[in-house]
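Construct the complete structure from the given sequences, taking the supplied hints into account.
Chain residues, written in single-letter form:
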Amino acid sequence: MKRRHFLISAAAVTAGVTIMPRMSFAAEGVIDVYFTSDQNVIDFWTNVVKPKFEAAHAGVTLNLVDGGDSAGVAAIGDRALAALASGADPQADLFEGFDTRVTVDGIAKGLYVDFEKAGLSNYSKINPLAFDIPTNLPYRGSQVLLAYDTTKLDPASVPKTWADLVTWIKANPGQFIYNRPNKGGSGGNFVRRAIYEVNGKDPSKFTVDNFTPEFAESALNPAWDVLKDLAPSLFDGGAYTSGNTQSLQLLGQSAVTMIPAWSDQALSAIDQGVLPETTGLVQLQDLGLPGGFTKLAVLSNGTNKDAALKLADFLLTEEIQSAVLTELGGFPGVSWDYVSADLRTKFADIIPASIPNFPSGKWETAINDGWYRAVAPNVDPAS
Amino acid sequence: MTATEAGALAPAPTQRKRPIGLLLVAVPVLLVLWLIIWPIISAMIQTIWLPTPEGGRSLSVSSYEFFINDPYSRANLSITLWTTAVCAVLLLVVCLPIALYLRFSDSKLAAYVQGLAIFPMFVPSIILSFAFIRVLGPNGTVDLLLNSVGLPKIKSPYLTPWGPVIGLVWDNIPLTVLILLSGLGNVSNQAIEAARDVGAGRFALLWHIILPRVSNSILVAISFAVLGIFSAFTLPYILGPAAPEMMGPFMQRTFRDLFDPTNAITQAVITFGFCILFGLFYVRSVAKNRTP
Numbered sequence: 019m020k021r022r023h024f025l026i027s028a029a030a031v032t033a034g035v036t037i038m039p040r041m042s043f044a045a046e047g048v049i050d051v052y053f054t055s056d057q058n059v060i061d062f063w064t065n066v067v068k069p070k071f072e073a074a075h076a077g078v079t080l081n082l083v084d085g086g087d088s089a090g091v092a093a094i095g096d097r098a099l100a101a102l103a104s105g106a107d108p109q110a111d112l113f114e115g116f117d118t119r120v121t122v123d124g125i126a127k128g129l130y131v132d133f134e135k136a137g138l139s140n141y142s143k144i145n146p147l148a149f150d151i152p153t154n155l156p157y158r159g160s161q162v163l164l165a166y167d168t169t170k171l172d173p174a175s176v177p178k179t180w181a182d183l184v185t186w187i188k189a190n191p192g193q194f195i196y197n198r199p200n201k202g203g204s205g206g207n208f209v210r211r212a213i214y215e216v217n218g219k220d221p222s223k224f225t226v227d228n229f230t231p232e233f234a235e236s237a238l239n240p241a242w243d244v245l246k247d248l249a250p251s252l253f254d255g256g257a258y259t260s261g262n263t264q265s266l267q268l269l270g271q272s273a274v275t276m277i278p279a280w281s282d283q284a285l286s287a288i289d290q291g292v293l294p295e296t297t298g299l300v301q302l303q304d305l306g307l308p309g310g311f312t313k314l315a316v317l318s319n320g321t322n323k324d325a326a327l328k329l330a331d332f333l334l335t336e337e338i339q340s341a342v343l344t345e346l347g348g349f350p351g352v353s354w355d356y357v358s359a360d361l362r363t364k365f366a367d368i369i370p371a372s373i374p375n376f377p378s379g380k381w382e383t384a385i386n387d388g389w390y391r392a393v394a395p396n397v398d399p400a401s
Numbered sequence: 013m014t015a016t017e018a019g020a021l022a023p024a025p026t027q028r029k030r031p032i033g034l035l036l037v038a039v040p041v042l043l044v045l046w047l048i049i050w051p052i053i054s055a056m057i058q059t060i061w062l063p064t065p066e067g068g069r070s071l072s073v074s075s076y077e078f079f080i081n082d083p084y085s086r087a088n089l090s091i092t093l094w095t096t097a098v099c100a101v102l103l104l105v106v107c108l109p110i111a112l113y114l115r116f117s118d119s120k121l122a123a124y125v126q127g128l129a130i131f132p133m134f135v136p137s138i139i140l141s142f143a144f145i146r147v148l149g150p151n152g153t154v155d156l157l158l159n160s161v162g163l164p165k166i167k168s169p170y171l172t173p174w175g176p177v178i179g180l181v182w183d184n185i186p187l188t189v190l191i192l193l194s195g196l197g198n199v200s201n202q203a204i205e206a207a208r209d210v211g212a213g214r215f216a217l218l219w220h221i222i223l224p225r226v227s228n229s230i231l232v233a234i235s236f237a238v239l240g241i242f243s244a245f246t247l248p249y250i251l252g253p254a255a256p257e258m259m260g261p262f263m264q265r266t267f268r269d270l271f272d273p274t275n276a277i278t279q280a281v282i283t284f285g286f287c288i289l290f291g292l293f294y295v296r297s298v299a300k301n302r303t304p
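Residue numbers (the working numbering), protein chains in the order written: chain A, 19 to 401; chain B, 13 to 304.
Derived from the structure by calculation, the hints contain no laboratory data.
Computed from a predicted structure; not experimentally measured.
Glycine included, every Cβ here is placed at the ideal spot set by N, Cα and C.
There could be a bad hint or two in this list.
[Claimed, not checked] So the derived label-pair ranges between C-beta atoms look like this:
#	chain 1	residue 1	chain 2	residue 2	range
1	B	Thr153	A	Gln57	22 to 32 Å
2	B	Gly127	A	Thr168	39 to 49 Å
3	A	Lys223	B	Leu128	53 to 63 Å
4	B	Gly291	A	Ala106	47 to 57 Å
5	B	Leu163	A	Pro294	38 to 48 Å
6	A	Tyr141	B	Phe142	36 to 46 Å
7	B	Leu158	A	Pro294	18 to 28 Å
8	A	Phe149	B	Val101	28 to 38 Å
9	B	Asp82	A	Ala189	34 to 44 Å
10	B	Phe78	A	Thr185	37 to 47 Å
11	A	Asp84	B	Leu128	37 to 47 Å
12	B	Asp82	A	Pro294	50 to 60 Å
13	B	Leu163	A	Glu337	20 to 30 Å
14	B	Ser74	A	Ser378	22 to 32 Å
[To be verified] Straight-line Cα separation of at most 30 Å, BS3-like style, residue types lysine-lysine; simulated pairs:
#	chain 1	residue 1	chain 2	residue 2
15	A	Lys70	A	Lys323
16	B	Lys165	A	Lys170
17	A	Lys188	B	Lys165
18	B	Lys167	A	Lys170
19	A	Lys246	B	Lys167
20	A	Lys246	B	Lys300
21	A	Lys170	A	Lys135
22	A	Lys143	A	Lys380
23	A	Lys188	B	Lys167
Below, the structure written as structure tokens:
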């Protein structure tokens with residue numbers, strides 16, 4: 019009886035707290051930052067960005083809010099757009115990992131700050147490869163690269179072009195595995211690199227609007243042939259892991275010698291000991307494996323717009339950009355000239371000459387479906 | 013308080029009992045109708061009442077035709093049937109001896125065996141999957157142990173159809189053992205002793221005395237396991253090969269990655285069609301059990 023009473027009262031208190039009306043208003047000097055990114059990024063902000071920024075700007079504090087995912091922050095963006103129309107307070111200042119195109123009419127109505135006109139002192143440092151539209155500010159990147167076991171493969175002879183990679187995979191059967199293209203981007207971007215390879219290594223051939231079934235057939239089918247040709251030389255005669263983590267695990271267990279991996283995931287895995295110290299990272303130099311930059315947006319009607327812009331500028335300083343490399347394991351959003359010299363030497367092998375970014379939309383479904391039908395069944399289920 | 017009420021109800025005439033009983037089951041029945049039966053019917057309608065290019069909708073079985081004529085989809089269905097059948101057989105082979113031991117053993121060890129048999133129930137399948145890769149995967153714990161005594165490595169079942177089979181069998185042991193154990197409760201010790209007295213051997217005992225009494229439980233246990241295995245997602249997704257894939261991952265991928273709800277629902281309806289067969293087995297055996 020006692021226990022039941024306790025449960026009921028505990029439930030009532032919890033419910034009361036949750037449904038209590040929240041009458042908070044955006045406070046002056048508290049920048050409300052909403053995240054679409056994962057916990058490791060929020061941890062990075064909590065442990066690195068927040069203390070450094072607050073120390074440098076007395077009287078300003080950061081309120082870091084996990085928006086869940088893109089849809090969660092998109093809803094806050096819609097609310098801010100409504101607030102813009104009625105002149106109300108959006109109670110938000112900065113969106114991390116957000117594409118301003120998602121808010122319908124948001125850019126046209128001036129909801130988001132145009133960074134070209136915002137006068138950020140570090141704006142010119144941004145990597146030219148990263149620019150998208152002026153309301154999206156790229157501040158960190160992540161790219162798929164090749165992670166390999168240096169005890170089995172000498173860094174001096176590691177493949178640095180697609181052709182070398184194919185030769186190496188065929189010469190070392192069973193030592194390479196990539197994950198299914200719809201499950202975690204590392205395998206997906208490896209597959210996309212194969213698509214680039216058979217289409218003249220020209221990323222500009224693919225845009226989100228130029229998808230037609232005919233073009234897709236002529237562009238993708240040769241890539242399926244390349245990948246089918248690789249299948250017998252892959253791990254277990256053509257097995258594919260079901261996620262980024264499983265690929266890392268196979269490399270960590272020394273079951274394979276090389277995998278495609280996200281740069282930030284591989285670097286933090288090495289840092290945490292999930293992958294051994296002897297793990298090497300390399301990027302293809304003829305055309306890098308695709309990846310992308312993470313952007314942020316500043317609301318033009320936020321109470322703390324000016325402070326938020328200072329924060330955006332602060333993120334592009336050498337201090338934070340170097341920390342993106344060392345603490346987060348990501349890529350800097352600025353050109354490599356603007357990170358410290360010793361880091362530049364340390365990461366020389368993975369500095370990309372280009373970061374291709376494959377369009378999503380209908381291309382994504384065509385690639386996912388095509389790969390499963392054309393490449394994956396090439397496996398003999400009994401093997 | 014409730015006891016006196018129940019006591020007052022007991023002698024009431026049968027015609028008064030009936031509406032109260034019906035009222036008591038009305039809530040769960042309505043919930044099942046609303047949350048389960050209706051979605052099934054609406055899903056079935058969605059797969060045969062398809063939009064036409066002119067903008068209207070018309071009766072069509074084209075999504076089912078596509079499934080039947082598509083070798084890829086058929087391969088996925090047959091690997092699902094294969095996995096389910098192999099798992100069902102293995103479960104019986106593994107669980108019946110455990111249940112028999114637990115029923116007839118008086119030793120203290122039995123309690124530990126029971127605890128061990130129930131243990132998989134408390135392990136989430138995602139954790140099981142990654143532990144599986146660590147233990148049975150390439151260069152996993154088993155390989156290390158074999159290697160340390162100079163034996164060759166095993167051929168790892170990871171990313172082959174045997175991966176999900178091993179995982180699903182382990183995951184379904186507790187439920188199967190519990191159901192079989194409750195069925196073995198029907199076998200009286202007197203019956204066994206009587207059979208022993210007339211000289212029945214162990215095998216004859218099992219075949220003529222025990223199995224006939226637990227056949228119903230075996231049917232129930234297998235239907236339960238089959239229902240779960242047929243639509244399993246996590247284990248086949250993480251441990252199985254990329255293709256052919258089981259219906260669970262296939263449906264999820266069609267829906268979420270190919271943005272193709274019509275075909276995903278068609279796959280679900282076909283899966284449901286197979287599951288309902290086993291559901292009917294279960295209902296039939298329960299109904300048979302009830303009639304005096």
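Here is what the structure says about each hint:
The given range of 22 to 32 Å is respected by B:Thr153 and A:Gln57, whose C-beta atoms sit roughly 29 Å from each other. Restraint check, B:Gly127 to A:Thr168: a C-beta distance of roughly 46 Å satisfies the suggested window 39 to 49 Å. For the pair A:Lys223 and B:Leu128, the beta carbons lie near 59 Å from each other, so the given range of 53 to 63 Å is met. With their beta carbons about 54 Å apart, B:Gly291 and A:Ala106 fall inside the hinted range of 47 to 57 Å.
Taking the beta carbon of each, B:Leu163 and A:Pro294 are about 25 Å apart, not inside 38 to 48 Å as hinted. Against the hinted window of 36 to 46 Å, the Cβ-Cβ separation of A:Tyr141 and B:Phe142 comes to about 43 Å, which satisfies the hint. Between B:Leu158 and A:Pro294 the CB atoms are about 22 Å apart, so this pair conforms to the stated range of 18 to 28 Å. For A:Phe149 paired with B:Val101, a C-beta distance near 60 Å fails the hint of 28 to 38 Å.
A hinted range of 34 to 44 Å holds for the C-beta pair B:Asp82 and A:Ala189, which are about 37 Å apart. B:Phe78 and A:Thr185 have their C-beta atoms about 40 Å apart, which keeps the hinted 37 to 47 Å range intact. The hint said 37 to 47 Å for the Cβ distance between A:Asp84 and B:Leu128, and at roughly 40 Å that hint holds. For the hinted restraint 50 to 60 Å between B:Asp82 and A:Pro294, the CB-CB distance of approximately 44 Å leaves it violated.
The supplied range of 20 to 30 Å is broken by B:Leu163 and A:Glu337, whose beta-carbon atoms lie about 54 Å from each other. Separation of B:Ser74 from A:Ser378 is about 28 Å and conforms to the stated range, judged on CB atoms against 22 to 32 Å. For the suggested pair A:Lys70 and A:Lys323, the alpha carbons sit about 19 Å apart, so the restraint of at most 30 Å is met. Between B:Lys165 and A:Lys170 the alpha-carbon distance is near 19 Å, which keeps this suggested pair within the 30 Å criterion.
Of the supplied pair hints, the one linking A:Lys188 and B:Lys165 holds, its CA atoms being roughly 23 Å apart against a limit of 30 Å. For the proposed pair B:Lys167 and A:Lys170, the alpha carbon gap of about 22 Å is at most 30 Å, so the pair holds. With a C-alpha separation of about 23 Å, the suggested pairing of A:Lys246 with B:Lys167 holds against the 30 Å cut-off. Only pairs whose Cα atoms come within 30 Å are accepted, and A:Lys246 paired with B:Lys300 is rejected, the gap being roughly 54 Å.
About 51 Å separates the Cα atoms of A:Lys170 and A:Lys135, which puts this hinted pair outside 30 Å; it is violated. About 34 Å separates the Cα atoms of A:Lys143 and A:Lys380, which puts this hinted pair outside 30 Å; it is violated. Among the hinted pairs, A:Lys188 with B:Lys167 is consistent with the structure: their alpha-carbon atoms are about 21 Å apart, no more than 30 Å.
When each numbered hint is compared with the structure, violations occur for hints 5, 8, 12, 13, 20, 21, 22.
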